[in-house]
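Taken in sequence, the protein lines are chains A and B.
Quick note on my numbering: the first sequence kicks off at 2 and runs consecutively.
Quick note on my numbering: the second sequence kicks off at 2 and runs consecutively.
Treat the hints loosely; a few may be bogus.
Pairs involving identical chains hold if they fit within one copy or between any two copies, as the list cannot separate such chains.
[Said to hold, decoys possible] Computed cross-link-like contacts, BS3-like style, restricted to lysine-lysine with a CA-CA straight-line distance of at most 27 Å:
#1 18 x 152
#2 198 x 266
#3 318 x 4
#4 243 x 152
#5 18 x 7
#6 243 x 169
#7 266 x 18
Hints are computed from structural coordinates only; laboratory data are not their basis.
2 protein chains.
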Amino acid sequence: MGKTIKIGIVGYGNLGKGVRQAIGQNPDMELAAVFTRREPAGLQAGENVRFEAFSAIESYIGNIDVMILCGGSATDLPEQTPHIARWFHTVDSFDTHAKIPEFFETVDAAAWQGGKLSIISTGWDPGLFSLNRLLAEAILPEGKEYTFWGKGVSQGHSDAIRRIPGVKAGVQYTVPVPEAIERIRSGETPDLQTREKHSRHCYVVAEDGADKERIREAIVTMPNYFADYDTTVTFVSEEELKAEHGGMPHGGFVIRSGTTGSGTKQRIEFGLTLGSNPEFTASVLVACARAGFRLGEQGAVGARTIFDLPLGLLSPKSPEQLRRELL
Amino acid sequence: MGKTIKIGIVGYGNLGKGVRQAIGQNPDMELAAVFTRREPAGLQAGENVRFEAFSAIESYIGNIDVMILCGGSATDLPEQTPHIARWFHTVDSFDTHAKIPEFFETVDAAAWQGGKLSIISTGWDPGLFSLNRLLAEAILPEGKEYTFWGKGVSQGHSDAIRRIPGVKAGVQYTVPVPEAIERIRSGETPDLQTREKHSRHCYVVAEDGADKERIREAIVTMPNYFADYDTTVTFVSEEELKAEHGGMPHGGFVIRSGTTGSGTKQRIEFGLTLGSNPEFTASVLVACARAGFRLGEQGAVGARTIFDLPLGLLSPKSPEQLRRELL
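Isolated chain A (complex conformation) (with noise of 0.2 Å):
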């Protein structure tokens, strides 16, 4: 085994707190500080890890081999990932799709200044699930491919039955209609709607004396989030929500459906039931950063995408073990 990767946290919500706990499950790596928007001092108390404030980072130039940049990619990420690509190897999880494209000419430009490499938008969509459509149209050029995302908890669209007035609190649930997936695994490629592919299932908190007909009606009929979709409105109390829908679950599946020769039917299924979305995603930016540690080692530099990763570069075993035991 080589030298330890210190490891930089930037950011400490969800995704920060996940890849905390995935260093802890990867012996080749350590924690070397998380750095973060809030006071320092008042996440010290009791930790044994050292928080930074934001200001801090620089300092950090040679002691720390990878930040993973756990922000937001409305605003944090934008702004950090170019920022610190200067100065660090980077990972990050940035999932503007539209953007993407923007985002790694930047980065890469900043990676350049620097010689560090950065690996962009990883995760598990887009990630995971961007691999394996590259993979599937690859080998199945002739074909025709689906991406089903849930059972799982959408922010968005929790957010946007937030700001109905008299909901106290809700969330929504995404969940892929069994039908479409059972046509598709039964060999059809068929064009399916936005309605027959996923159905919205949500989860409310009214305000007391709030007219519940009339938020039903807000949510279901409300533009770009919910109109197209068959969604369903459930009323609960606040502690069945904190009881019962306080998780992160996500998970779903990428299918493709193609054939070779003279029409035989080939199907490649990729799938993810996830107990916690971020702290899944951490484990993935966990295992990218050994990689981006490596070829940032042998001398890549630039932004990369999990396009650009031998995959062998994100386990700990070294290659002739990876050969020996799970070829």
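On the provided structure of chain A, position chain B as indicated by the hints.
Quick look at chain B alone, frame taken from chain A:
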């Protein structure tokens, strides 16, 4: 689009035929020649492919970019891959697991002699299944992994049946035990015995007057092949065997159940449902040939496995297009 990749096929059984068909699905490739042990002239009639004898391989140096080696792992590939890897980039599906480390070293040395690149042991298992075992283990280091094969035809087991006196023809299916898969999908991580993971279903044509009960007994008690499994034997007519059991379906799953954080369950699953095992394997070989060609053009030399390939190289799309369309 760059120049067309010129492919040679070595060996023209089911796999070689599948490679020929798969090349037809990939417009960036062309089939330069098929090298066969049989009399090339005998295959040539009415075919728009150039058939050549093995002895002509060397004369194609400079005119073929990648040789896809479609021989068997028992005797063909151990001889052919090192021989041809001195002259051409190669891709093969060598699958004698215990001998992979030694095979890798031999092919690596041969490829270095000629400054070429060889991708060994690819296909779906070893290949895609290996990749998913690696990926799942790297992401969920605390967990347990299962590989199930089938429902599919096992050539080795079918051959074993056909060697029994009184058996005219036979086909053996390996079938995963549904209860085992259900237990794992429900979150359990059981230690499973051989018998609990797969069952074996045999369809047998008996010679006229043969003692069927003795044949059945000979099959189900056969050490290594059947004795450790729940095995069913069904006698069928020759016509029924051809009509119902003439295909080469296969597939299976790689499932890893792991935990993150404080015991949160996470599951990663990769599955294949294949109408034709050789046609699908061929499609993987062809996509890997593209990756091998590109790596070779970049100056990479020596033996590689699927663990060493950035998967973006498998796709005909450019890195920019992949980031825009598939990430």
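Should residue 198 paired with residue 266 be assigned to within, between, both, or neither, using CA atoms and 27 Å as the limit?
Answer is both: 22 Å inside a copy and 26 Å across each meet the 27 Å cutoff.
For residue 243 and residue 169, with the copy left unspecified, which applies at a CA distance of at most 27 Å: within, between, both, or neither?
For residue 243 and residue 169, the Cα distance is within 27 Å only inside one copy (12 Å; across copies 66 Å).
Identical-chain pair category, residue 318 with residue 4, by Cα at 27 Å:
Cα proximity of residue 318 and residue 4: one copy only (14 Å, versus 37 Å across).
Checking an output row: residue 266 and residue 18, CA cutoff 27 Å. Within, between, both or neither?
between (43 Å within a copy, 17 Å between copies)
Reference check for the pair residue 18 and residue 152, CA-CA at most 27 Å: within, between, both, or neither?
within (23 Å within a copy, 42 Å between copies)
Checking residue 18 and residue 7: alpha-carbon separation at most 27 Å within a copy, between copies, both or neither?
within (16 Å within a copy, 50 Å between copies)
Copy assignment of residue 243 with residue 152, given that the CA separation must stay at most 27 Å
Within one copy, since 18 Å is at most 27 Å while 43 Å is not.
Taken one by one, the earlier hints all hold for this structure without exception.
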